Amino acid sequence: MTTTVAARPSPTAHTARRLGAALATMAWIFWAIAVVAAVTATLVAWRVAGSVDVSIMVYARQAATWFPFSLGIMLVAAYLRVHIASGMTRRTFVRAALLVEVAAGVGYAAVFTALVLLERAVHDALGWGAVITEVQLADEYASAGAMLLEMSVTCVVANLSGLLVGAVYQRFGAWAGTLTLPLTVGPLVLLLYIPGVRFVDLPGIWTTTAAGHLALAVGVGVVLAAVMAAVFAALVRRLQLAPAP
Amino acid sequence: MTATTTGWGVELHGVTQRYGDVVALDDVALTVRPGTITGLLGRNGSGKSTLGSLLAAFRRPTAGRVLVDGEDPWENERVAPGVCFVRESGDVLDDYSLKDNVAYLSGARPHFSHELAGELLELFELDLKRKPSKLSRGKKSAFGIVVGLASRAPLTILDEVHLGLDAPSRYAFYDALLADYAEHPRTVVLSSHLIDEVERLLEDVVVLDRGRVLIAQDAESLRAEGVSVTGPTAAVADFVAGRDVLATQRLGGTTQTTVRGALVEGDARRAREAGLELGPVPLQDLFVHLTDPVRTGGATAHAQGVDR
Amino acid sequence: MFDGRDPVYLQIADQIRQDVLSGALAAEEQVMSTTQYATTFRINPATAAKAFAQLVDEGVLYKRRGVGMFVAPGARERLLADARESFFADTVDPVADAARVLGIDVEDVVARLRARTAAPAPQGEPR
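Residue numbers (the working numbering), protein chains in the order written: chain A, 1 to 245; chain B, 1 to 308; chain C, 1 to 127.
Hints in this document: simulated from the structure, not taken from any laboratory.
On a predicted model such as this, the values are computed, not experimentally measured, just so you know.
A virtual CB, placed ideally from N, CA and C, is assigned to each residue, including glycine.
It is possible that part of the hints are untrue.
Said to hold, decoys possible - Per label pair, the in silico range of CB-to-CB distance: (1) B:Gly70 / C:Tyr62: 52 to 58 Å; (2) B:His13 / C:Ala99: 55 to 61 Å; (3) B:Gly70 / A:Val222: 54 to 60 Å; (4) A:Ala234 / B:Asp27: 44 to 50 Å; (5) A:Val131 / B:Ala103: 57 to 63 Å; (6) B:Asp21 / A:Thr133: 57 to 63 Å.
Stated by the list, open to error - If we take Cβ atoms under 10 Å as the criterion, some of the chain B residues that face chain A in the derived model are: (7) Ala24; (8) Ser53; (9) Asn76; (10) Ala80; (11) Val83; (12) Asp91; (13) Ser106; (14) Ala108; (15) Phe112; (16) Phe124; (17) Phe239.
What the hints assert, rightly or not - Per the computed footprint, the stretches of chain C lying under chain B, defined by three or more beta-carbons under 8 Å from a beta-carbon of chain B, are: (18) 7-18; (19) 34-42; (20) 46-60.
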């Protein structure tokens, strides 16, 4: 009955582009504000204290996780219904959303790392220090790669967390969504605060090197991300749209 | 280059849909012939929208099988792009301009026609720069029509898309529908309360009543089944004896009775001789009579205001 | 248009037969396509197609593939013959029935018929 279908972008690619564009717009705004805030804070501190020996930019770390997290929640609420109504499957939405959110996570981490390093260079030129007082593994002696890696994992987990929360709300409603927050947001909180506290050293079993800490944090983060992605996929794949809203 | 497709057929076998305690569809068996404009009629809460939801794989039925072009539409990569379900609450990107919405659709719908979309946007005077959330009810419906027609999906389901449109706009919609359907045949399931207006657009008719299929036949034979008999009360009573009476009205010594059942050879002459006038019964009236709760023998205790 | 008692497709077929009889549609002339019927009268194209199918069966129309529907040669003559046959049953009998109901004497009816026939024919009637 049907003959071949027109050449068009694959549903996954099409959706990924749409979701990506939406996130990118928000990202521009976020980082623009973040940079302005950091610069302003630096100038004020300079006025007040005469020199700025800490990294101000690094305080964007918290926001750079919670903001995309909230976008992730919004993504499901805003796009899933239209996606299905436009003749695409939940499967392609899941793929596109995961793709975009992982990319966004790495993207945010890259921008974050670049800005922190930029700030470090500026401080250097001005003869200031750039001590990192944020609760994270990568301190001012860590390599750029380490910072990037740690932040990538954190941001990706944040994004997937957002997707997961969004999916739970869509599937089970507001009550269930709120009640399961410890499960859906817990992992992110874990990653944000615990690595920086430095794990307890267990002689002979746990390593105490920075690389060891990083490897552990990244390992845990990756596992969490994988589990969240799987749960997200499972929730969305079976989601039935409510009758006319 | 797009290749043309003809319409997709639909089959429902023993389909039941429950929302908690409420039964929206009750053991429905139904066929929609491919390539036809089929009317889906029913009172509020009869299950029309639920049916559309199942065909578009918004939901899975509680029981039974739904087949679109011979396959289960649920998460079906081949079938999904070919089913377009437009409801009055438009499922569009509310916070993007109409222009962005059209771009989104053209990437999603394999047979999308930019040309037709442009024509219809102009016809309904829709501003590409505006967002659906900022449109009036009528304009929202109009955009829904643009989506439904320009997508050129082999199975297009239009659920009360006329709401908020004034009469001239509605007729413009019917004209656009017919013109594009004639040139690009597909299956259109058209749900509307304004049966008088859409009656002649329909090839087949399905009437749902409280989740069950009341009627499923072609429009012509259904129309032919309604006869109004007008004349002196006694003569009318005599003529309609033994027939399926739908309604009766009396004014003085004159009675008009509506009956269901095709007329046979000698009936027209008999009626003439008895001084009776036989007339057609508009589908709207047939529909009202046939779905009258008193007649169908069911309670009207129904969730109010919820169009399932 | 097409609001009568009969199904729409019958009305369309009747209309075309009338046009052929009256000469409005000549032999080998093309009739409107189903699409044109659909968009002009706001009806489903299948309805027009049904009318055409019936007329093709009767030999009033024929189809030229890829072009459209045309009036068959000799259609008018065929229709005239059919119309003459059913004239008495379909047209004259109802007159008699109506006259009886109204209490009009049949002789008055005959006289009227004679008078009318003697008068010049109105325009458009077949000879």
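Consistency of the hints with the structure:
1. B:Gly70 / C:Tyr62: 52 to 58 Å: 36 Å, violated
2. B:His13 / C:Ala99: 55 to 61 Å: 58 Å, holds
3. B:Gly70 / A:Val222: 54 to 60 Å: Given a distance of about 43 Å, which is not inside 54 to 60 Å, the answer is violated.
4. A:Ala234 / B:Asp27: 44 to 50 Å: 31 Å, violated
5. A:Val131 / B:Ala103: 57 to 63 Å: Once the Cβ atoms are compared, 48 Å apart, the range 57 to 63 Å for Ala103 of chain B and Val131 of chain A is violated.
6. B:Asp21 / A:Thr133: 57 to 63 Å: Holds, since Asp21 of chain B and Thr133 of chain A (Cβ atoms, about 58 Å apart) stay within the stated range.
7. Ala24: 8 Å, holds
8. Ser53: Holds - the Cβ of Ser53 of chain B comes within 10 Å of chain A, reaching about 7 Å at its closest.
9. Asn76: 7 Å, holds
10. Ala80: Constraint on Ala80 of chain B satisfied, holds at 5 Å.
11. Val83: 6 Å, holds
12. Asp91: 3 Å, holds
13. Ser106: At about 8 Å, which falls below the 10 Å cut-off, the nearest Cβ of chain A leaves the hint on Ser106 of chain B intact, so it holds.
14. Ala108: Interface hint status for Ala108 of chain B: holds (4 Å vs cutoff 10 Å).
15. Phe112: 8 Å, holds
16. Phe124: Check failed: Cβ of Phe124 of chain B comes no nearer than 20 Å to chain A, outside 10 Å.
17. Phe239: The hint is violated - Phe239 of chain B has no Cβ within 10 Å of chain A, the shortest such distance being about 46 Å.
18. 7-18: holds (count 3)
19. 34-42: Check passed, 6 qualifying residues.
20. 46-60: This one holds; 3 residues, not fewer than the three required, reach chain B with a Cβ under 8 Å.
Going through the hint list in order, the structure does not satisfy hints 1, 3, 4, 5, 16 and 17.
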